[in-house]
Amino acid sequence: MKADPKGVVAGAYFIDGDHACAEGAIAAGCRFVAGYPITPSTEIVERIAERFPLIGGMFIQMEDEIASSIAIQGAVWGGKKAMTVTSGPGFSLMMEHIGLAAMTETPCVFVDVQRGGPSTGLPTLPGQGDMMQARWGSHGDYGIIALCPNSPQESFDLTIKAFNLAEQYRVPVLVMLDECVGHMTERVVVPPADEIEITPRRYWDGPKEGFLLFKAGPDRVPPMVKAGDGYNIHVTSLTHDERGYPVMTAAAQEKLVRRLIDKIRLNSDAIVECREEQTAGADVVIVSYGITSRIAIPAIEQARREGVKVGHLRLITAWPFPAKRIRELSHHVSCFVVPEINYGQMVREVERCVAGRTRVERVSHGGGAVHNPKDIYAKIMSCGKEERK
Amino acid sequence: MKADPKGVVAGAYFIDGDHACAEGAIAAGCRFVAGYPITPSTEIVERIAERFPLIGGMFIQMEDEIASSIAIQGAVWGGKKAMTVTSGPGFSLMMEHIGLAAMTETPCVFVDVQRGGPSTGLPTLPGQGDMMQARWGSHGDYGIIALCPNSPQESFDLTIKAFNLAEQYRVPVLVMLDECVGHMTERVVVPPADEIEITPRRYWDGPKEGFLLFKAGPDRVPPMVKAGDGYNIHVTSLTHDERGYPVMTAAAQEKLVRRLIDKIRLNSDAIVECREEQTAGADVVIVSYGITSRIAIPAIEQARREGVKVGHLRLITAWPFPAKRIRELSHHVSCFVVPEINYGQMVREVERCVAGRTRVERVSHGGGAVHNPKDIYAKIMSCGKEERK
Amino acid sequence: MARTEIKIGGFGGQGVILSGYIIGRAAAIYDSKHATMIQAFGPEARGSACSAQIVVSAEPIAYPYITTPQIMIVMSQEAYTKFSPELAEGGILITEEELVKTHNLRKDLKHFSIPATRFAEELGRKMVLNIVMMGFMTSVTGIVGVEAMRQAVKVSVPKGTEHLNLNAFNKGFEYGEKLKSGAA
Amino acid sequence: MARTEIKIGGFGGQGVILSGYIIGRAAAIYDSKHATMIQAFGPEARGSACSAQIVVSAEPIAYPYITTPQIMIVMSQEAYTKFSPELAEGGILITEEELVKTHNLRKDLKHFSIPATRFAEELGRKMVLNIVMMGFMTSVTGIVGVEAMRQAVKVSVPKGTEHLNLNAFNKGFEYGEKLKSGAA
Amino acid sequence: MTEESMDIDMSMPTNTVEEFLRMERMPHIWCPGCGIGTTVNCFAHALETSGLDLKKVSIVSGIGCTGRVAGYLKLDSFHTTHGRALPFATGLKLANPDLKVVVYSGDGDLTAIGGNHFIHAARRNVDMTVILINNFIYGMTGGQVAPTTPIGATASTAPYGNFEEPFNLPYLAESCGAVYVARWTAYHVRHATKAIKDALLKRGFSFVEILAPCPTLYSRRNRLGDGLDQMKFYKDNSEIKNGADTKTLGLSFQGKIIVGKFVDKDKPTYLDSMNAFYAQKFGDTYSPYKG
Amino acid sequence: MTEESMDIDMSMPTNTVEEFLRMERMPHIWCPGCGIGTTVNCFAHALETSGLDLKKVSIVSGIGCTGRVAGYLKLDSFHTTHGRALPFATGLKLANPDLKVVVYSGDGDLTAIGGNHFIHAARRNVDMTVILINNFIYGMTGGQVAPTTPIGATASTAPYGNFEEPFNLPYLAESCGAVYVARWTAYHVRHATKAIKDALLKRGFSFVEILAPCPTLYSRRNRLGDGLDQMKFYKDNSEIKNGADTKTLGLSFQGKIIVGKFVDKDKPTYLDSMNAFYAQKFGDTYSPYKG
Amino acid sequence: MADTEQKKKGLGSVVINAERCKGCGFCVEFCPTHCLELSEQYNAKGYHPPVLTLPEKCTGCNMCGLLCPDFAIYGFLFKKKKK
Amino acid sequence: MADTEQKKKGLGSVVINAERCKGCGFCVEFCPTHCLELSEQYNAKGYHPPVLTLPEKCTGCNMCGLLCPDFAIYGFLFKKKKK
Ligand SMILES: Cc1ncc(C[n+]2csc(CCOP(=O)(O)OP(=O)(O)O)c2C)c(N)n1
Ligand SMILES: Cc1ncc(C[n+]2csc(CCOP(=O)(O)OP(=O)(O)O)c2C)c(N)n1
Ligand code: SF4
Ligand code: SF4
Ligand code: SF4
Ligand code: SF4
Ligand code: SF4
Ligand code: SF4
Ligand SMILES: [Mg+2]
Ligand SMILES: [Mg+2]
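Listed in order, the protein sequences are those of chains A, B, C, D, E, F, G and H. Heads up: the first sequence at position 117 corresponds to 117 in the working numbering, and the numbers run straight through without jumps. Heads up: the second sequence at position 91 corresponds to 91 in the working numbering, and the numbers run straight through without jumps. Heads up: the third sequence at position 122 corresponds to 122 in the working numbering, and the numbers run straight through without jumps. Heads up: the fourth sequence at position 151 corresponds to 151 in the working numbering, and the numbers run straight through without jumps. Heads up: the fifth sequence at position 35 corresponds to 35 in the working numbering, and the numbers run straight through without jumps. Heads up: the sixth sequence at position 172 corresponds to 172 in the working numbering, and the numbers run straight through without jumps. Heads up: the seventh sequence at position 51 corresponds to 51 in the working numbering, and the numbers run straight through without jumps. Heads up: the eighth sequence at position 11 corresponds to 11 in the working numbering, and the numbers run straight through without jumps.
Hints listed in this document are in silico derivations from the structure and should not be mistaken for laboratory results. In this text, a Cβ means the ideal position worked out from N, Cα and C, and glycines have one as well. Please note that a few of the clues may not be correct.
Below, a list of computed lysine-lysine pairs in the DSSO-like style, where the Cα atoms sit at most 30 Å apart [as the list claims (entries may be wrong)]:
| # | chain 1 | residue 1 | chain 2 | residue 2 |
| --- | --- | --- | --- | --- |
| 1 | F | Lys55 | F | Lys290 |
| 2 | E | Lys74 | A | Lys255 |
| 3 | E | Lys232 | G | Lys9 |
| 4 | E | Lys232 | G | Lys57 |
Which chain D residues stay away from chain A? Per the calculated CB distances, all over 10 Å, these [to be verified]:
| # | residue |
| --- | --- |
| 5 | Thr102 |
| 6 | Glu121 |
| 7 | Lys154 |
| 8 | Leu166 |
Kindly generate the complete structure, drawing on both the sequences and the hints.
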């Protein structure tokens, strides 16, 4: 389906990643946003608050992040595409409701503009310390999708993608921005509506009788209906059967939760996206995401100038993690270098997938700034060297 | 230091893991508990509510888990040893304040009695799905300690240990119970107070002038004082210097957060505890924790009867993870088998540490019950077999 | 003594859990055995059939759940219907005479029946029916020592009712002894 | 054109960020170059020295921060003191004549000074000082096309003030041209 | 039976309540003598007489014994997380203003963990009806003290008696701006039915508190007998005082219960205000938000 | 200078406020004309005259511009998480009842995200003083709408004007049981000082709301001028009405401001009630909790 | 005659689903005409359901139905058959 | 003489820390005796701090000090020297 032209103001803009995210959401058809202000994400809802009244959208500033993160789920069941927006401390408060969205298979989008943590930390400065939290922050097992834009343009593009994936898989999708990308101003091209591909909600169109809100097809994703459609749906946060009724047994749990995980796991080939550059034949491969994928480039270029074959794999989807691709590469590469603005999060996945076949080196940074490319360069060179002897 | 005899009612009891946890806390010197009811953890606070008035303790049922998880931190700065108690959904709500405790180095204990998740899930049935959340659930990078009792007796013992570690490292410590252990009734021996080793709060006893609340010694742990002692302390959730004053720079962040992580990482030899049984010369090693470590035993015994050399490594500390020990074992063992009541959480750490040197097999269970030991047995046998050919 | 699995079934308010607790406490505290008790929890368990599981063993107990109990104590018809098929081959089934009609009784079982309600009523408190059953069970199974059981009863029942409950226990125990000696 | 780094410094309320925005917009939208602007945020940045960083390049910009700006536009004494040491060897320094006294001026720099406040006051609105500076910068650096800059000014200033701002821009630009031709 | 008696239609009508229930889910989980089921009758009858299009009625509950109500009602129903029914309902209502959104939940759910959402939803005057079943206790989790537990009552986490002053909920609701506020007990089935109906038909944030017995965890543990005893107590100790000053409505342990309708006023709802505001701001370019 | 004039001591006394401040952290982060600093003077003078032992005074803030107060005061000070100053303070106070615990935070912090803690702390009547700086806006995050923003005022997330009814905070506080409730503005420095002192010396949950200018994000963006203009507005439009019915204290955009002391009553504190309760229950075996 | 007959039967009657009943007694206690009693019998769950002991007094007012927390009883009014 | 002298000086005076001042004008506007004015001079931060232009009118009431959000001014009362 193509985007609704209402709201898509095609053109080239000079805007920051936060504003671009707001435009992406609008283009994706989002018409409900609930939020609670927090630096460095607030510009997103500020733009939404300005844009929505005239395009039939509903923005509400809730009393806190807990309320925001469930108001959007109410709105989804009311028929809207919906999003909430926050940053570290607020993201922590949303954890219970990420689990709720996963459990009730409520398609929605959470944006986390990462800043320096833990706790209040460095509110106005960058970090990438919420990556593991994005995957594991709610109790119990569940599956989510998380995307990592590295520019305002990608902030726009991947926000659209987030909405599309949410609808495709009836799953919460997280857009993991960081303060740099959120506050960086660059050219953003908003294409005309008819060039924007949108995944509509997968509403049930079969007979009303016998409809089951939690009965999945072969792709493990059940169809949706909305409140007011006359289905008398029941949606519960308890373990439930295909009708949505609570069933307090291990068997029901296995059936339901296994599917919630499998719908991401088994569809991961379709979901996973990375950008690769000169990975074929590379000696060293940088694995990066978000702003760090740009900071790494001067380091990579310099190392290449000095003769090291450096490839670059950039995670567009951090979750699901491109395990298969990393595994493949690990057979050819002599070292992975993983720069992150944290003390080692996604690198753990790289280590797991590499399974000892080759070296994995971290370039950690606590946050408050981006890396000095020299540190990444130095790490590349140190790997290269060891291999070359 | 020995335990305060007030509150320690030595003797042998037939009580469940929840009640034992309460007694452990009391024995450890805990005199402040804030909580919010949630199955299957509530019995802990119920016992506390009954026991505290006559031993000078303060129990308060707060309005929610968010309040509970910060009220205890206020109490710690007021001079008490303090604990809060919850289960999955409440644990998710506490994530922001686990980060706060880590950031402000507030020694305190969080108990999570795990049930089936995600979301409201299976409130009265077991799960072990909060293990990764325990480590990664709050935003930003930080370090914590997490313990996994497998019996009421251990629930008592490890709750004491949790308080001791909290004081030793000025860190939040998590006791990761599960519904089985919490609700299982067995013999629990409460030793006399003078046989219970207690780590007192490491109060500053140097000169008042020049005291710095966040200046650590060689062990990376700074000393404590409390409100009312006349130090005019400042405690902030922002990134701060050794005085506790906010400093919004990457350098301050690196200094502080690096230390917060290192005080766990570099002391991990002292912190890590596992129980090993017949791991020397083992072909297959089971890695387990909590209730699952008991469920695995019939499977192990049966496999041994059939000639497979099975060792058993039980995590007492899930976090920090006994990476070193797993790495050592991975050089000798042909397969690790990791049964968990989740779809694969701690096994990821095993995989990381094993680094491809040997096989790692999961025995996953979605929750709502414990494993059938046969499934663990079958996995052991399948490993064994492959190796033996 | 090898691992013995015991299941107690009845309805809410009959003191099913307390009974399990007493057995476990007797074994684990007063009889230097090991014991693990597990009860069913939750709203779904409310009001309807109620059960307790106890494992008693001379060795430390690894697996805490029961799979095929060797001993079953049943105080309601529903519990009989629901649980009795689980009993181990040749296991001991103890039922309350008035409350449970043992139709289709499995041939392999050792079955004992006791008019515990009547005994309890004779003692003036229908409530102690479960303690009568405990006395009886102690006698016919020998799974826990009788003194250990008496001790456990004494410390587990509400203050002020110790005497009544010990009487109830003894009543059941004696009935069991008589039955064993063929006198009942 | 290679990567050029530009830093603008002043105090809050002078339109420092808007200036950076205009340069970036001119380059990225009207001049088919690439541009990245980054501003300092936060309470610590409030009121005191304020700055914007812009990278302009013919190629896509990977690293978005500036390290050694080749061009620096300075509208306050504090900013001069704080930022001018960062300027690249041989870089261009543009200062406002009244607001900045360039003592200890680095010898390696190309320094331009403009009485932008006076020009702005002549135009009747002291506020447009920053736009005067932009016109001047456009002339003396040539980093972005003058038409692109005019376009960017027009669409970036508050509605109704376009004319005033374009005049301000032109004033600055002409002064630059004169200066270059040695006429000023 | 005589010929004449045949004039009377002896075929039994079905219980009209059943039309509103998911009968396939019966029996429900509530204990004998629990008052929650009684309030469901009131709600069903209120719905029946309200004339509302049932397709357009959604019910939202939090977690708790009362929270199970949503799952038993044959409506679009949402059993959310503990304490969060109101913000979910806010999203649902604002996403589709055609829906009549009812929040039906427990005292702990709505005023302990959910207290903030309660005061903010009332303040915003979002158009929805809140039915709060006040059993003075946390039922589902086993009888812990609630922000409604009267002073002196015991609870599992207040084993020696509660000493915290409970909320006066009608007062709280009014102070935050609720446009309709009433209190009844499970004994007052006809009044409660009427109050719920009024609330359903009211525009804005309407609030009905219903006191209900929890024999299992509140009354029996407090030696107040079973559900029936509580119902008799309500009967004997309630005083109807419509229009009473909400300030005076605090509840004490087994003290007098003032019931009635206390607030019934008109105020633009959240959406009314929004549309009026934007219409004024944008004039004709603005089309009122309809979801 | 004549001989005679030497009779007068010309040595300048130091600013007594400085004794209460961490001068090494000056200058503070507040904008020119921000009213928060003014309220800090009032607080410092109130402390000075209160006779409290400063060693035993702790101050707890949440996150926000006002939240920075804790860090500037030379007391034991805690700068917690956004919205959670009250439960932290509750823990602190109950752990050590000897402490005088003051919560000093912003309107958003205490009544948006922190609203639940506010109503529960008031309900429990924990002995503490809450100073709420109401600048009608979220300052720290850049001027978003708050639950206190008057209808019609604009904010960055209400760019066309706020249409949500704000809280009437004294009314809310009273409805939850606060024993001392007052409102002043940053203009009323002497009254505010007195009110804070009274609150500090009051046993129980005392609440002082102080309206203060946020020129940067509230008044200038609403074309109300700068901090001084707001102060003049407060001067000209405030009416002192001690004992006014809190119901009548709602604030409208640039409307009349009722200030004064509205509630001042006595009620046992949380700890008083607890100790009385347990003393009755346990008799002599109970020794009153003293932390 | 019909009139008397009808009076004896009452204006209405109740339907009792004994198996659903949990014996709370609400219906019996608050029936305005006191025409119900709890039966001596147990249902399968072990509760005593109500019986209409004085059918002639039942007005079909459905107070019992409104009160019953288990949806186990309801009152109805006899209707004249439409002829 | 001493008396007049004292009156000229006022009962008290103020201390102004000009560098801390942010020129908000609170002190000037609300001084009860209107004895302050904002200076024409800028301080290093670019603000106009107050000056005591009518020292004889200053009562040392410290209203300015209470109002000053930047702790940049305070009033004090002259004290007779203890002899
Ligand atoms: C976040 C979270 N905390 C706690 C719980 C546990 N919990 C479930 S229901 C409930 C309270 C129920 O009390 P109330 O709302 O009064 O409902 P009732 O059962 O009395 O009808 C609690 C604390 C939970 N499910 N989730
Ligand atoms: C959990 C969380 N959510 C949001 C924020 C962002 N935040 C910081 S301060 C603030 C609001 C401040 O407003 P107020 O309390 O009125 O204080 P003011 O700055 O106006 O004094 C917000 C939303 C945060 N730090 N943490
Ligand atoms: S516990 Fe109480 S509230 Fe819950 S179902 Fe039983 S009686 Fe009702
Ligand atoms: S933003 Fe507003 S509240 Fe914050 S310091 Fe500036 S003026 Fe004060
Ligand atoms: S219908 Fe009315 S009169 Fe008849 S039994 Fe029911 S309550 Fe009584
Ligand atoms: S009210 Fe219902 S459940 Fe109660 S006794 Fe009557 S029929 Fe049975
Ligand atoms: S001390 Fe009083 S009189 Fe003197 S300048 Fe200050 S406010 Fe004016
Ligand atoms: S009140 Fe303070 S900051 Fe304001 S003008 Fe006076 S001295 Fe300066
Ligand atoms: Mg309740
Ligand atoms: Mg504010």
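Right, here's what the structure says about each hint:
The hinted pair formed by Lys55 (chain F) and Lys290 (chain F) meets the criterion: a straight-line CA distance of about 18 Å does not exceed 30 Å. Restraint check: the Cα-Cα separation between Lys74 (chain E) and Lys255 (chain A) comes to about 25 Å, which is no more than 30 Å; the hinted pair holds. Straight-line distance between C-alpha atoms of Lys232 (chain E) and Lys9 (chain G) comes to about 29 Å, which keeps the hinted pair within the 30 Å bound. Note on Lys232 (chain E) and Lys57 (chain G): the hinted pairing holds, with a Cα-Cα distance of about 22 Å set against a maximum of 30 Å.
Residue placement check: Thr102 (chain D) keeps its beta carbon more than 10 Å from all beta carbons of chain A (closest about 29 Å). With a cut of 10 Å on Cβ distances, Glu121 (chain D) stays outside the contact zone with chain A, its closest approach being about 30 Å. The Cβ of Lys154 (chain D) lies farther than 10 Å from every Cβ of chain A, with a closest approach of about 14 Å, so its non-interface assignment holds. With a cut of 10 Å on Cβ distances, Leu166 (chain D) stays outside the contact zone with chain A, its closest approach being about 19 Å.
In this structure, none of the earlier numbered hints is contradicted; all agree with it.
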